[in-house]
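Read top to bottom, the protein sequences are chains Z and W. Each residue of the first sequence is one higher than the last, beginning at 127 in our numbering. Each residue of the second sequence is one higher than the last, beginning at 181 in our numbering.
Certain hints may be false.
Said to hold, decoys possible - Restraint ranges, calculated between C-beta atoms of paired labels, are given here:
| no. | chain 1 | residue 1 | chain 2 | residue 2 | range |
| --- | --- | --- | --- | --- | --- |
| 1 | W | Gly294 | Z | Asp356 | 56 to 62 angstroms |
| 2 | Z | Gln549 | W | Glu297 | 19 to 25 angstroms |
| 3 | Z | Lys635 | W | Ile272 | 38 to 44 angstroms |
| 4 | Z | Gln295 | W | Ala281 | 50 to 56 angstroms |
| 5 | W | Glu297 | Z | Asn548 | 54 to 60 angstroms |
| 6 | W | Asp332 | Z | Ser413 | 37 to 43 angstroms |
| 7 | W | Gly280 | Z | Lys326 | 47 to 53 angstroms |
These are computed hints drawn from the structure, not numbers from a lab. Each residue gets a CB set at the ideal place from its N, CA and C atoms; glycine is no exception.
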Amino acid sequence: MFWGSRKTINMNYFPDEVLEHVFDFITSHKDRNSVSLVCKSWYKIEKYSRQRVFLGNCYSISPERLIARFPGLKSLTLKGKPHFADFNLVPDDWGGFLYPWIKAMGKSRIGLEELKLKRMVVSDESLELLSKSFPNFKSLVLVSCEGFTTDGLAAIAANCRFLRELDLQENEVEDHRGHWLSCFPESCTSLVSLNFACLKGEINLASLERLVTRSPNLKSLRLNRAVPFDTLQRLLIRAPQLVDLGTGSYVNDPSSEAYKKFKAAIQSCNSIRSLSGFLEVAPRCMSAIYPICENLTFLNLSYAAGLQSNELTKLIQHCRKLQRLWILDCIGDKGLGVVASACKELQELRVFPSDPFDAGNAAVTEEGLVLVSAGCPKLNSLLYFCQRMTNAALITVAKNCTNFIRFRLCILDPIKPDPVTNQPLDEGFGAIVRSCKGLKRLSLSGLLTDQVFYYIGMYAKKLEMLSIAFAGDSDKGMLYVLNGCKKLRKLEIRDCPFGDAALLEDMGKYETMRSLWMSTCEVTLGACKMLAKKMPNLNIEIINENEQTESNLDDNQKVDKMYLYRTLVGHREDAPEFVWLL
Amino acid sequence: METEKDLNLEATELRLGLPGTSNESAKNTTHRSNKRALPEQPMSANIDTASKNCDQETAQHTKAQVVGWPPIRSYRKNCLQPKKSEAEMSGIYVKVSMDGAPYLRKIDLKVVKGYPELLKALEDMFKFKAGEYSEREGYNGSEFVPTYEDKDGDWMLVGDVPWEMFTSCCKKLRIMKGSEARGLGCVV
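Only chain Z is shown next, with the shape it has when bound in the complex:
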């Protein structure tokens, strides 16, 4: 009985408000999750004070349970379809519907203010319900979503009185040309961010100008192709405070009045740090941009198919402070050399293919990557589509840049070996994982054997997401990864010889991960059924597009596509016919 010698202070002496205030400083989702596990009272305080929730898989929990868990929810991020849906590997009606979430939150009087969605199916109906259910709604960000038209956008514009942000990134939107932009009422003056670059249709230009004029807080504006050059010039005069600009059509005659006015207008936009667009571009007009280049930290020219390598390099040479660069491969290896010498602050580089289906045309090779790695020591994030890659180059890159967090390499010819030695690229990728101890995301390509997975399992201790295609020789490959990568959250595999033995060896592993995708591998229906039986906290989905019924398929047959994910709520109710929930 030594009560008197207790040294610990009971935090519960503090009133709840104090704890709440302390928790306010804890913003990362992971940390807040940990806080809620400490004790009942902390759980309760954290629960009611939690405002921001991130759901990496919308089927891991139901809307009702989420609302019960965090009644103070104000900001929600939802991701729907698996990543490979971006590449047409998942049929359209697979799932990821927004509507049930809006319905449930609306009914429960959740004070939703921010919604960010990725790969979800968003109907006009759900947008309309959203716009009418949450009076304080401020921010809508849609990335790679589909299912809505400009009518849905019109509802958002018309009804969300305090809208600050409408950000549409790479969505497939059916354009009804219904003057959605004109639906923003005259009283709406709160816009901070407006991005409609992915819309294909016409825009009411007069409405756009009026909207920009009455939005003094506008910091980010990304236009679509339908906005012509002279409108752009007028918008810049109205919004010199812009920090992020996406041009629409950037085509004009350098000798014209409009062009001269534009040059004058852009000179006063000395806050612009981020530039994108150029979906249509006249190369001779690019020099008007030079004055703002020296302050740019993000430049996205990945849709500017009209710019050749020399025009790109002339521009980039002015961008000494650039931290992120997205570009097409027509920049070429030499052009990347210019990037290497000019952009010493570069952290992120993405090189996209301008001609995705003809690998022979890809203008960048391992040389460009080596040059950038040598010139840009701060490089930590890479997405690189190229024609070829060598082990020697990867080893050099690994030596030059040890800070990679994201390393995604796509050799356009999927099983191409090192063209110099004709060897697989195991050693090259091995060097990357050995050298970059903080690597969180990795995408592989080229000819690869089980050996590369041995290296990954051995060295990639912080790896969270791995994408594999056309690689490996046997189950051993997959097992190296599952056993070695303790932090693995997402694993997506296509066209690899991994089968039942690998899938079933450590079933508990999948409860520590968000999801596993395997398509065109060696996994059989029987194995999937067994996994489903043993692991009730996992949903195992088989996507079968061949119009066979479940009874026709016997357990020995290989499944074409399997997607499994951990969940608290069992089978989902909205799966279409071609998705079998085991």
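Let chain Z serve as the given structure and place chain W on it in line with the hints.
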């Protein structure tokens, strides 16, 4: 025992598309349609992983047919190649009948780029020869005459109007034969 080849079932097979095209487009109809998909070549081809270790040539040959490769968002793919998807999405299919033939065919006027190709395609489809076309005399030297029904419901001789005008007003094609054809062909 007669094999399928002897019976030449292919010749009497009812199919869509021009003669010479393969069966793979028929296979595709049972797959889920994918709204966001760039209409790519046959979806069923996958690289045979067993042979991948040394067969680089095979890889190069089949690479254009791999679904979902390279891994680029459809939105981006469609932006870089908009012309391709537009063209492929709007084919102009018209029915083609021939006097005396038991069933009709269909032809895509977008695929044949002009009159000479159209005539060749029709000739291949129904195994006939059309004769020489002249503006004055129509088709000379054959009892077969290609005609079409226009928007007004009139039967016209193929070849008189510019190609673009023809594709926009042609509703049906009919290969007339015999005396009826001669009457039409001889109209001045």
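Hint check, failures only:
1, 2, 3, 5, 6
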